[in-house]
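4 protein chains.
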Amino acid sequence: MDKIKIGIIGAGYIGGVHAQVLARDERVHLSAVYDVMDERAQCLSRSSGAIVSRSAEELIEKCDAVYITTPNTKHTELAITTTKAGKHVFCEKPMATNLADAQKVLDAAEASNAVFQVGHNRRFAPVYATLKQMISEEATPHSAHVKMNRGELINPEWVGDPQITGGFLYETTIHMFDMMRFLFGEVAQLTALGSTHEYPETDDFSVLLGFKSGLHATLCSSADASWLFPFERVEVFCHHRTIATREMEAIISSEGMEGKQVTISLHQLSKEEKWGYLQEDVAFIDSILNKAPAIVTALDGYKSVEIVDACYRAVSTGERIQFR
Amino acid sequence: MDKIKIGIIGAGYIGGVHAQVLARDERVHLSAVYDVMDERAQCLSRSSGAIVSRSAEELIEKCDAVYITTPNTKHTELAITTTKAGKHVFCEKPMATNLADAQKVLDAAEASNAVFQVGHNRRFAPVYATLKQMISEEATPHSAHVKMNRGELINPEWVGDPQITGGFLYETTIHMFDMMRFLFGEVAQLTALGSTHEYPETDDFSVLLGFKSGLHATLCSSADASWLFPFERVEVFCHHRTIATREMEAIISSEGMEGKQVTISLHQLSKEEKWGYLQEDVAFIDSILNKAPAIVTALDGYKSVEIVDACYRAVSTGERIQFR
Amino acid sequence: MDKIKIGIIGAGYIGGVHAQVLARDERVHLSAVYDVMDERAQCLSRSSGAIVSRSAEELIEKCDAVYITTPNTKHTELAITTTKAGKHVFCEKPMATNLADAQKVLDAAEASNAVFQVGHNRRFAPVYATLKQMISEEATPHSAHVKMNRGELINPEWVGDPQITGGFLYETTIHMFDMMRFLFGEVAQLTALGSTHEYPETDDFSVLLGFKSGLHATLCSSADASWLFPFERVEVFCHHRTIATREMEAIISSEGMEGKQVTISLHQLSKEEKWGYLQEDVAFIDSILNKAPAIVTALDGYKSVEIVDACYRAVSTGERIQFR
Amino acid sequence: MDKIKIGIIGAGYIGGVHAQVLARDERVHLSAVYDVMDERAQCLSRSSGAIVSRSAEELIEKCDAVYITTPNTKHTELAITTTKAGKHVFCEKPMATNLADAQKVLDAAEASNAVFQVGHNRRFAPVYATLKQMISEEATPHSAHVKMNRGELINPEWVGDPQITGGFLYETTIHMFDMMRFLFGEVAQLTALGSTHEYPETDDFSVLLGFKSGLHATLCSSADASWLFPFERVEVFCHHRTIATREMEAIISSEGMEGKQVTISLHQLSKEEKWGYLQEDVAFIDSILNKAPAIVTALDGYKSVEIVDACYRAVSTGERIQFR
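Chains as they are written, first to last, in my numbering: chain B, 1 to 324; chain S, 1 to 324; chain V, 1 to 324; chain H, 1 to 324.
Some hints could be false.
Identical copies look the same in the list; a pair holds intra-copy or inter-copy alike.
Computed list of lysine to any residue pairs in SDA-like fashion (alpha-carbon distance at most 20 Å, straight line) [as the list claims (entries may be wrong)]:
#	residue 1	residue 2
1	Lys260	Asn155
2	Lys260	Thr140
3	Lys5	Gly49
4	Lys212	Ser316
5	Lys3	Ser31
6	Lys260	Lys271
7	Lys212	Thr317
8	Lys274	Pro230
9	Lys303	Thr73
10	Lys271	Gly259
11	Lys5	Gln42
12	Lys212	Thr196
13	Lys274	Phe229
In short, the hints are calculated from the structure, not lab data. All values derive from a computational prediction rather than experimental measurement.
Let's have the full structure, built from the sequences with the hints guiding it.
Printed below as a string of structure tokens:
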């Protein structure tokens with residue numbers, strides 16, 4: 001069988017990460033790269049062998065599958081165009097930066113026969129895959145305490161610009177909302193408080209979530225803090241058991257009534273594996289080859305946008321948001 | 001001057017801790033001990049030199065100051081009796097296990113000229129005293145993420161009995177409510193979700209708090225988890241700064257936009273100092289000698305009961321509780 | 001049966017620790033305490049109920065068993081006197097501060113029918129007891145990397161005075177030599193380098209040890225460093241397995257070729273239990289009641305002095321010391 | 001100026017790491033790659049754009065500078081050939097796997113006008129660069145305790161084959177010997193014990209080192225252990241100060257007589273920066289462009305081989321090795 005021809009639209013950091021993973025996958029040919037800044041495209045071309053396209057349209061035309069790795073607010077339009085062209089799409093998160101756009105992408109994806117995968121990489125990261133397995137097979141979680149902070153919204157410069165990110169929660173925190181759905185199921189209700197400090201948008205959130213399963217959780221996410229490791233941590237409380245993650249580095253399970261704990265350290269893995277980038281790209285290619293649905297679907301992408309949207313509404317109205 | 005004659009009512013673990021601290025303070029004489037279980041009183045008498053009283057009344061009569069270190073639901077009555085007898089009172093937390101009782105204790109304390117101190121030891125623990133100093137002098141906090149778990153409510157047996165503790169939040173979590181008032185000021189509003197798992201009461205809480213200062217916070221507190229250290233942790237987010245505590249053992253401050261952090265480890269201190277027991281007892285004796293108000297007043301005790309009470313109401317009604 | 005009458009000679013920190021443990025043991029009566037500084041004896045008397053003796057001789061006379069908890073260089077004479085008086089002896093480490101004296105104590109102890117126990121508490125500390133069990137039952141160790149530092153020799157003042165301690169290695173590091181014998185068996189050879197920096201004696205040591213079992217080990221012990229936790233750490237390398245201790249707080253075992261590790265945290269124990277003081281005192285009383293030999297004998301005490309002595313010789317001569 | 005044409009001989013893991021770094025350096029053109037296994041060369045070619053050469057000779061001929069990233073025992077011959085061809089050489093460590101070969105490489109490098117750099121990357125890693133700065137500017141070290149373990153010699157398969165690695169110490173531990181020279185100066189004497197367990201060579205070492213400066217150090221390095229993080233750790237003892245590294249992840253400095261410590265976490269850096277690969281490649285290109293000597297010279301490469309050789313001799317003869 002011929003190799004799958006892949007194009008990458010958006011030659012920034014995350015585009016480069018996917019390019020490196022795909023360059024090592026013998027089932028694909030990294031055919032084309034496009035970026036509005038030609039210099040960036042040239043640079044990725046040099047280190048990956050992909051040819052620089054003159055436009056997104058040209059790239060879509062010549063490829064079988066397209067990675068959309070542009071800044072957030074550009075995802076929706078490209079995702080719809082590519083999907084409507086019948087091509088397979090790997091769309092970085094967030095799929096959209098408002099609910100109406102998310103619905104449009106979802107509609108387009110559902111109307112297509114091609115694969116549509118959203119880049120919620122955490123599901124593939126070994127810490128979270130292991131956590132999911134533990135709470136599925138060994139322990140029923142009853143509550144969770146979740147932190148996802150950034151140190152700053154300064155580097156790179158655009159992460160502090162809501163015109164580009166769609167808002168802080170769309171840039172970073174959305175990962176945790178998808179993660180919580182993955183681990184705990186659908187959200188039933190949400191209350192939130194937020195405040196504005198350093199950046200021209202609400203940049204600090206405290207959130208209380210209730211899930212349909214009865215599990216409840218607290219989440220904090222501040223954009224104005226510091227890089228105190230771990231930036232991202234999930235603590236899950238189960239019967240006589242606590243399970244905690246330390247970013248993508250380790251998962252610690254403490255069971256029983258004494259102080260015994262088991263730590264699985266992922267220290268030896270490459271960053272691509274620790275963060276699940278390798279696994280999500282392999283899964284995407286698998287889905288294409290097996291004509292199977294994506295593991296992270298457009299519906300998943302929609303749902304995570306829905307939670308972000310609810311958070312912003314809860315902060316501005318002071319109301320408890322109920323989910324259908 | 002004569003030594004202050006001190007009596008201890010309740011010869012359990014925490015009574016023994018105070019006895020050890022007081023035995024080393026030359027300003028006091030540990031005169032009497034009483035416990036409903038005579039054997040326990042005898043044991044504390046042996047290791048402290050205090051004489052066993054035949055009743056609480058006898059003990060109150062013969063002492064200048066009384067430590068009330070019985071189980072929670074016995075605090076109110078003893079606190080009121082002792083205060084009305086004109087004696088100085090060190091009342092372990094919680095001062096009461098419902099709002100009406102808390103009001104009665106507050107009224108009695110305010111009507112007395114003697115010192116009335118509530119055993120919210122965290123304020124004296126070096127981790128929290130240092131944290132308070134940092135956020136007062138160097139950094140303005142904008143949000144906090146707080147965890148206070150127990151591993152179980154099995155050892156000792158009575159901690160799982162709400163008839164004795166007044167409810168899980170009164171036993172353990174109340175410390176964090178007082179601590180948050182100490183650090184962040186008065187609570188303005190509170191929403192909470194709770195659930196019941198292993199024990200005959202709501203034993204798992206997720207709480208969202210708004211403070212009058214504008215600071216917002218999330219708190220989790222589960223009785224059914226495991227002893228994964230730290231059981232108690234406060235993370236405070238400030239401008240380009242994160243400050244975190246690890247139980248009573250260490251405080252970590254990470255400042256700036258790089259990964260630099262300063263850790264103050266309290267590892268070398270004795271448990272009595274790390275947990276603030278030594279300092280709160282010294283402060284109590286200081287207040288008596290200086291005829292000064294207690295550092296942790298009956299009003300503080302009332303306020304922490306008020307937050308616990310609001311938490312229980314928020315869980316049962318689903319409403320957002322507003323504080324005056 | 002009558003309670004065992006116990007006396008304590010030396011009312012400093014460690015005397016107080018044993019007094020607290022013994023006060024809770026119903027099999028004994030804490031009868032007497034003596035210290036060359038009367039004030040210190042009075043203070044321990046107040047918090048333990050023991051009567052102050054006017055001399056060591058008076059104390060030895062009236063007790064069945066004596067704890068020798070004076071500064072190091074006073075141990076030998078008191079240990080010999082008490083043993084020759086036919087009394088049970090708990091002698092704090094080091095039993096002596098030179099080899100000749102150690103031999104005299106050993107001879108006296110072996111000539112007596114009473115129990116003679118040396119205060120090498122580490123053997124009873126759960127971290128080391130667990131480590132011993134692991135390498136006995138599950139894993140054969142082939143090498144070890146051991147650290148035991150002090151932050152300073154300033155507090156208390158006398159720890160920096162070799163006239164009182166017998167030398168830095170006798171004060172602190174001797175614990176690790178006994179521990180290594182406990183874990184790895186007899187030492188076969190030893191090479192060492194040392195240097196002098198802050199204190200009027202060799203205050204920094206690097207040691208290479210070969211054991212009769214074939215195991216080899218490195219040890220460092222500096223008196224001029226800082227209180228960077230853990231001060232004391234043993235790392236043992238076995239087939240596809242590493243076991244590490246963190247002071248008396250935790251033991252971590254990592255097995256297999258992945259990053260999995262099991263941590264047993266002793267965080268919940270009291271200091272007396274974590275450090276093995278409770279257990280060594282119980283064992284001493286057990287030995288007296290059961291007319292059984294001590295678990296840590298005068299011969300063990302001698303052997304640890306022998307290793308310290310070899311270390312000092314190795315540093316001063318530059319030679320490899322062979323043990324018989 | 002024309003770009004420097006660079007070739008890579010040896011397309012394994014470390015060759016790929018350098019290729020990625022060099023692909024992003026605009027001053028160079030990654031021209032050629034060669035590997036005895038053509039498939040590996042093709043794979044690196046795909047992800048880097050370099051052309052596959054048919055032989056090492058062809059590659060050397062067409063390039064200005066050559067990276068020698070083959071297995072250890074192939075370094076010497078290629079290093080000499082390339083140097084004699086007048087080309088700049090970046091030779092991965094170890095430069096040779098015996099002293100005679102190291103001398104030959106040193107002679108060839110010293111006879112050449114081109115740059116010759118040895119791949120002792122640790123010197124460029126921020127943890128060690130920071131440690132070096134601290135002990136140069138702020139604190140005089142008096143001893144060190146060093147650990148460098150591998151979990152196993154199984155993955156990849158060849159690391160357990162001394163025919164390929166030259167021996168375990170040449171593969172991994174040699175980094176620490178170079179590091180110690182970098183930090184502490186020249187070695188004066190060395191004693192070592194070793195043993196053989198899982199692999200067909202001495203696979204576990206305990207080493208005692210004396211430096212010309214008077215500093216002394218202990219080092220352990222076991223091939224048969226487990227992946228207990230940190231695998232690599234340096235602890236340096238200075239006056240009232242301890243400085244410790246945690247692999248390439250963090251450096252902790254604890255100063256003074258209290259428990260205060262400052263941690264610089266490198267968590268946010270890419271692996272290429274954390275491990276110093278990026279910086280050593282930049283430095284190599286800098287040296288070429290500035291006609292400046294390499295920062296890590298052939299003499300440094302020789303000296304680290306000399307320490308490894310001394311270690312093996314010390315273990316087999318039982319003698320203390322004196323360095324000139």
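Against the structure, the hints come out as follows:
In the homo-oligomer, the alpha carbons of Lys260 and Asn155 lie at most 20 Å apart only across protomers (17 Å), although the nearest pairing inside one protomer, at 40 Å, exceeds that limit. Taking the shortest alpha-carbon separations for Lys260 and Thr140, only the intra-copy value of 19 Å comes in at or below 20 Å, while the best inter-copy value is 23 Å. For the homomeric pair Lys5 and Gly49, the shortest alpha-carbon distances inside one copy (13 Å) and between copies (18 Å) are both at most 20 Å. Within a single copy, Lys212 and Ser316 get their C-alpha atoms only as close as 24 Å, which misses the 20 Å cut-off; across copies the closest is 17 Å, which meets it.
In this homomeric assembly, Lys3 and Ser31 come within 20 Å of each other (Cα to Cα) only inside a single copy, at 10 Å, whereas the closest approach across copies is 26 Å. In this homomeric assembly, Lys260 and Lys271 come within 20 Å of each other (Cα to Cα) only across copies, at 18 Å, whereas the closest approach inside a single copy is 29 Å. With identical chains, the CA atoms of Lys212 and Thr317 are at most 20 Å apart between copies only, with a shortest distance of 18 Å across copies and 23 Å within one. Both within a single protomer and between protomers do Lys274 and Pro230 lie at most 20 Å apart by alpha-carbon distance, with minima of 14 Å and 17 Å respectively.
Taking the closest pair of Cα atoms, Lys303 and Thr73 come within 20 Å of each other only inside a single copy of the chain (17 Å); across copies the shortest separation is 47 Å, beyond that limit. Taking identical chains as interchangeable, the C-alpha atoms of Lys271 and Gly259 lie at most 20 Å apart only when they sit on different chains, with a minimum of 15 Å there against 31 Å within one chain. Proximity of Lys5 and Gln42 under a CA criterion of 20 Å is satisfied in both settings, with 19 Å inside one chain copy and 19 Å between copies. Taking CA atoms no more than 20 Å apart as the test, Lys212 paired with Thr196 passes between copies only; the shortest distance there is 16 Å, against 31 Å inside one copy.
In the homo-oligomer, the alpha carbons of Lys274 and Phe229 lie at most 20 Å apart both inside one protomer (16 Å) and across protomers (16 Å), since each shortest distance falls under that limit.
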